[in-house]
Amino acid sequence: MNDALSKRFRTLLPPLITIVLFLLIWEVGCLVLGIDEFVLPRPTATLAAYQKWQSAIWPNAWQTLFTTLVGFGLAILLGVGLGMLIGYSALLYSALYPLLIGFNSVPKAALVPVFVIWFGIGTMPAILIAFLIAFFPIAVNVATGVATVEPEMRDVLRSLGASGFDLFRKVGFPRAMPYFFASLKVAITLSFVGSVIAELGASNRGIGNMMVIASSRFEVPLVFAGLMVVAVMGIVLYAIFALLERRMVAWAYRGGT
Amino acid sequence: MNKPTAPPVCVDLQHVSLRYVSSGREVHALEDVSLSIGQGEFVAVAGPSGCGKTTILKLVAGLLPPTQGRVLIDGHPVSGPQKNVGMAFQNPILLPWRTALQNVLLPLEVVQPHRGQFRSQRRAYEERAHSLLHTVGLDGFADKPPYELSGGMQQRVSLCRALIHEPEILLLDEPFAALDAFTREELWSVLQALWTERRCTVILVTHDLREAVFLATRVHIMSKRPGRLIHETLIDLPRPRALEDTFKPEFVDYVHSIYGRIGQVRA
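Which chain is which? The protein sequence lines are A and B, in order.
Each residue of the first sequence is one higher than the one before, starting from 1 at the first, in my numbering.
Each residue of the second sequence is one higher than the one before, starting from 1 at the first, in my numbering.
The shape of chain B in the complex, shown without the other chains (with noise of 0.2 Å):
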């Protein structure tokens, strides 16, 4: 990992626990998850469900404060929502009474330095989502509604939204999940593309492991409640990775010794 060519720091866990209370039983979501991520680098996040893999991702937004430990962004602790950071989820979220042009240019609204120049600009900026709309394959589709695009498309919007303030870092909450096979595994490679073009940091939160070792640098394993990081696996497989690429030997490899500390972690 260190080797003296290694990135800077984009992303630091430090010793991170969560504790909660829901329901008025405290819940044990993190222990002691250290996880340092350069910039730049992919890394996938697996485990069984409900094993704490979006709180991750929560800390890292500053959507939640760690209980104890540390979060630091490009060495800065976080203190609340970041800016810098761009997040798909399980659901496309797209707000309904908007067009998909004005889905995606949702956070340039929202976000300074774009937000104060988005009236002066706005030519600009819908250049800029028309572009990134392209880039997906949803030609033509600029000026509907959600409920006309199918849920594949919808998930491409909703990549297009978490990438048009080109964020630093891009954090994935299953994003694939809902779709069909052939969806998924299609927008791994428009995913895999956007990544080699941009270059930013992404935390990818999955439960497919072939998902995981297609797309990442890095594959992290994590247990049952209460999460900890159990398992590093770094992916040492060519770019760009193709569909047919994941028939072959090596690529099986990968997810079937993965796949062998999943089990012994549900066991």
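Okay, chain A solo, but in the shape it has when bound (with noise of 0.2 Å):
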């Protein structure tokens, strides 16, 4: 029991103390160079400020969690579906491959202001950003994970007289698995991306509408805050997405701790 909680501490005793260290730096560089807290606060005047606007931060964290979540849980369902089907089908895929790329190579904060011609100010843009940047990575994952299976394995199934969903379902499927969780730890920090890049132009809520007020207003550290909050948000969702990943396709992994 002990081992095991000490064996924990000692994985997440690293990555803590560069987080420190950073913190640290920035603090003491700030001091050293007297560095104007309107150009770049020091972590301790973050710190204060995000004490200070709590209750302002936290409504507007929420709702940028919630066009994340949502726009990612969009990108999951239709990036399998169509990651599954270009993985398959060779004729899909050259025939879809293309426009996805040129789809992708948009840039998302340019289609910002379509969104809001469309749809207006509000939610709806910020899922639609959300979704947009996470979907090509997850299907182009889980593609790579259905293409790639051993024609010998196909063989082991289609020896045995199995039907095309069986070998979907006994190998394809799983087989895709490690491929789609990766993916889902990239997606997940591109999600929250896209979001507060929607939220900065066309929303009035959400941390990236309060960044966008708070520098009209000067309040540098406040900004700050707001990043922060974004970049723990994002470490959060990763650490879980990570340890999902762990345990629903530990055998991808084969036991190196």
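Since the hints were made in silico from the structure, they are not lab data.
A couple of the hints might just be wrong.
[Claimed, not checked] Simulated crosslink set (EDC-like; lysine to aspartate or glutamate; CA at most 16 Å straight-line): (1) B/K248 with B/D236; (2) B/K224 with B/D32; (3) B/K58 with A/D166; (4) A/K7 with A/D36; (5) B/K83 with A/D166; (6) B/K58 with B/E174; (7) B/K58 with A/D155; (8) A/K7 with A/E27; (9) A/K170 with A/D155; (10) B/K224 with B/E31; (11) A/K185 with A/E245; (12) B/K144 with B/E126; (13) A/K170 with B/E109; (14) B/K83 with B/E41; (15) B/K83 with A/D155.
[Claimed, not checked] Calculated from the model, a selection of chain B residues having no Cβ within reach of chain A, i.e. all distances over 12 Å: (16) Q90; (17) S131; (18) H165; (19) F182; (20) E185; (21) K248.
We treat Cβ as the ideally placed atom computed from N, Cα and C, and that holds for glycine.
Combine the two chains into a complex, taking the hints into account.
Set out below in structure tokens:
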């Protein structure tokens, strides 16, 4: 028991030390170089701003988390669906891939005004941007997982008279899972980027919106407090999906801690 | 061959040829191969690499259709993947997300009638898988994932998987080629025991002549591409054959004479 605890502690210690060191250098650097608070507020000033504005920050944080998760959920549904299709069918792959790349190459920030025209200012543009930015890595990864099934594995099942659906259920799907979970870790942080970008210009709620208002009032520490909140939420969600990955596809890690 | 006591024909290849196009070039894999295998026979096919030995297995399994000729199983033409066939390959090809036991159970989840009763009969099926794992000496490894098993152990699991649904025909594609000599010869004995117990029809593709002579009732030699069956040797050695027997003169003579034939093919 104690061993397990100390092992967990030892895996958590290095990242904690890095984060503390990073904040420390930031703090001391600002003090030593005499950097103005309007340019780069120190971590302590950011923390103070966080405490001062807590009641304003949290509703906005929940809004951002909400739009992020809804967009992310949509990205999972459609990304897995499309990934399976283009992974299985070489025809669909060659037909759809160029278009997908085209869509993915469009800067998502440039789509914000378009969504404002279509849906008005509010929650919808943030959800859609979060969705669009997370969709591509999920679809591509799932497609890769499905498409790279070893032909020998396929033969094992085909020689038993397995149907196409059997093949998918017994081999294609489980085979794609490590790719899927790997993409989730990338996609969740991208989703945050997406929804905050949308909130910057096209919302009257959310962390992004709060940061715009704060900066127009020269409340720079509050801007940074907003950034910190987004960063922390990103780390927490990443950790959740990393844990989920370890549990769901442990076989892909071959027991290496 | 066709003595009155000959068993009914199980696998019958009649003047089978196979050609396919690979990277723009026509490959002539098999040329007029006729081979008729009685029920419960153990036939080995040996020959130089790339001569189309594996192709024969794929034809029998229904994974490939012949360009010419017919493939019959129990008198019925093969038109698609077969259900009463078990296959093991040079690589074990276990599914890495399944334990050894779950890998062995896989065919029962796919092949009727087991598939339909898999849930209700799960206990009995697991029992069957455990006893099969026991036969190949894998007691206590049922719940291990493949990557925790050695190559020889994985190949044993793969053999169990090929046999769990009690197929009428067992197709073996150089199943021991990737193993070290000791493990390989140990598995010969395991396979011989399994075959003696079940008496399924076996086609073993190999380039190890000692393996062929040790296991088979009949050894065929294939020519270089396009593959033809050019020679047949009945192995009239008593069973069960023990590993020490491989040093006896009769055994060595068989290997030697077949080796001579292969030499002619390759020249």
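Which of the listed hints are broken here?
-> 3, 4, 8, 14, 16, 18
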